[in-house]
Every structure is written in structure tokens, then in C-alpha cells.
Amino acid sequence: MKIQILGTGCPKCKKLAETVETAAKEMGLQYEMEKVTDIKEIMKFGVMMTPGLAVDGKVKVVGQVPSVEQVKKMLV
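Going from the sequence shown to my numbering is simple: count from 1 and add 684.
Since the hints were derived computationally from the structure, they do not count as laboratory data.
Be a bit skeptical, because a hint or two may be false.
Straight line, CA to CA, 20 Å or less: simulated SDA-like cross-link-like pairs of lysine to any residue [said to hold, decoys possible]:
hint	residue 1	residue 2
1	K742	L759
2	K699	L759
3	K719	E702
4	K742	E718
5	K757	D740
6	K756	E725
7	K686	L759
8	K696	I723
9	K728	G693
10	K724	G693
11	K756	I723
12	K686	K757
13	K724	K757
14	K709	K757
15	K686	T721
16	K744	M685
17	K686	V746
18	K757	G693
19	K728	G712
20	K756	D722
21	K728	V760
22	K728	T692
23	K744	C694
24	K696	T706
25	K699	P750
26	K709	M758
27	K696	V752
28	K709	C697
29	K756	T692
30	K719	P695
31	K698	E725
32	K757	G712
33	K686	E710
34	K757	K728
35	K709	K756
36	K698	S751
37	K719	T703
38	K698	L759
None of these values were measured; they are calculated from a predicted model.
Required output: the full structure, derived from the provided sequences and hints.
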């Protein structure tokens, strides 16, 4: 599973990365996490507001930091 955090490194972006990592570890998932910080790359996902979360190339959330439980549902 490839998890991408879409954001420029803002506090919410860092919080999203922590939340996603916690959720994936609690679920025992094997994953690769990439932080996409280049605005042009982020825009290729169609994301105009950060942070964003993409799982296997599909955008799951934009502009917010979901809870660990919400992220778990996105990773299934």
C-alpha cells in the first residue's frame, strides 16, 4: 500500500502524517509513506487545499485531518 501525504509541511500536514502512521501501524498494514511537498505534484492529484491524503494514488481526504478511526476506514 502506498500512502501519500499531500502538503507543504504545514502543522496540519505533519499531524495528518502522524495520524495516518498511527492508524496503519494499529492495523498492522505494510505500507510505504511518501510526503508530496511540491505544489505542482500536489495539483496533479486535483488537490487545491492541503493537507491531502492519497492511498494507492486515489485521493481520500482534502483540507482536514481526520481521526485515527476515520483514517482506518480509508485504509481498508
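Do the hints match the structure? See the list:
no.: 1; hint: K742 with L759; result: holds (11 Å)
no.: 2; hint: K699 with L759; result: holds (17 Å)
no.: 3; hint: K719 with E702; result: holds (12 Å)
no.: 4; hint: K742 with E718; result: holds (14 Å)
no.: 5; hint: K757 with D740; result: holds (14 Å)
no.: 6; hint: K756 with E725; result: violated (25 Å)
no.: 7; hint: K686 with L759; result: holds (10 Å)
no.: 8; hint: K696 with I723; result: holds (16 Å)
no.: 9; hint: K728 with G693; result: holds (18 Å)
no.: 10; hint: K724 with G693; result: holds (15 Å)
no.: 11; hint: K756 with I723; result: violated (26 Å)
no.: 12; hint: K686 with K757; result: holds (16 Å)
no.: 13; hint: K724 with K757; result: violated (28 Å)
no.: 14; hint: K709 with K757; result: holds (14 Å)
no.: 15; hint: K686 with T721; result: holds (16 Å)
no.: 16; hint: K744 with M685; result: holds (14 Å)
no.: 17; hint: K686 with V746; result: holds (17 Å)
no.: 18; hint: K757 with G693; result: violated (24 Å)
no.: 19; hint: K728 with G712; result: violated (30 Å)
no.: 20; hint: K756 with D722; result: violated (26 Å)
no.: 21; hint: K728 with V760; result: violated (24 Å)
no.: 22; hint: K728 with T692; result: holds (14 Å)
no.: 23; hint: K744 with C694; result: holds (19 Å)
no.: 24; hint: K696 with T706; result: holds (15 Å)
no.: 25; hint: K699 with P750; result: holds (10 Å)
no.: 26; hint: K709 with M758; result: holds (14 Å)
no.: 27; hint: K696 with V752; result: holds (14 Å)
no.: 28; hint: K709 with C697; result: holds (18 Å)
no.: 29; hint: K756 with T692; result: violated (23 Å)
no.: 30; hint: K719 with P695; result: holds (13 Å)
no.: 31; hint: K698 with E725; result: holds (18 Å)
no.: 32; hint: K757 with G712; result: holds (14 Å)
no.: 33; hint: K686 with E710; result: holds (16 Å)
no.: 34; hint: K757 with K728; result: violated (24 Å)
no.: 35; hint: K709 with K756; result: holds (10 Å)
no.: 36; hint: K698 with S751; result: holds (14 Å)
no.: 37; hint: K719 with T703; result: holds (14 Å)
no.: 38; hint: K698 with L759; result: holds (18 Å)
In terms of the numbered hints stated before, the structure departs from hints 6, 11, 13, 18, 19, 20, 21, 29, 34, listed from lowest to highest.
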